[in-house]
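Work out the full structure: start from the sequences and follow the hints.
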Amino acid sequence: MKTTFRKIRKNAKALSPVVASIILIAVTVAVSVAVAAWMGGMTIGFMGTSSVTVTNVAFVNDGDNITLSLKNTGTKTATVASVKVNNVAVAFDPSGTYVDAASNSIAAGASFEITLEQAWIDGNTYKIDLYDGSNQVIGSVQQNAPGA
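Heads up: the sequence shown begins at 10 in our numbering, then just goes up one per residue.
Rather than coming from a laboratory, the hints here were simulated on the basis of the structure.
Keep in mind that the hints are not guaranteed to be accurate.
To be verified - With a straight-line Cα cutoff of 27 Å, these simulated DSS-like cross-link-like pairs (lysine-lysine) come out:
1. Lys93 to Lys136
2. Lys80 to Lys93
3. Lys85 to Lys136
4. Lys136 to Lys80
Here is the structure:
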């Protein structure tokens, strides 16, 4: 019995250094991928978002202008660079609480109004999109003009 045990113990081999190195590298790569994914998720949260909510749409001046009441509901300053009504760019006049009125930058949580120089017709539907400097939609609304 003792001789059989000695034979088994003598023939038992550990992992070869090559296999051990491959396992060590695979574990290191897996851990680094997991840490990179976790850190990537954290940085997206820290970067913030730009989002503008339309709180009211007013069709004014007997068919000459549309006034939008807006609120920056994002976590960072938003810039309204352009406005489109039914996919056509229109001129607008901003007013309200801005970080910088010259560049139309709005602080997070601030409310403001813009007046669109847009003729409108009673009963028609108007889709209004707000764009930032990189031409990304930061706010949108669809509203019917009051009926005649």
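Outcome of the hint check:
no.: 1; hint: Lys93 to Lys136; result: holds, 8 Å
no.: 2; hint: Lys80 to Lys93; result: holds, 18 Å
no.: 3; hint: Lys85 to Lys136; result: holds, 25 Å
no.: 4; hint: Lys136 to Lys80; result: holds, 18 Å
Of the numbered hints stated above, none is contradicted by the structure.
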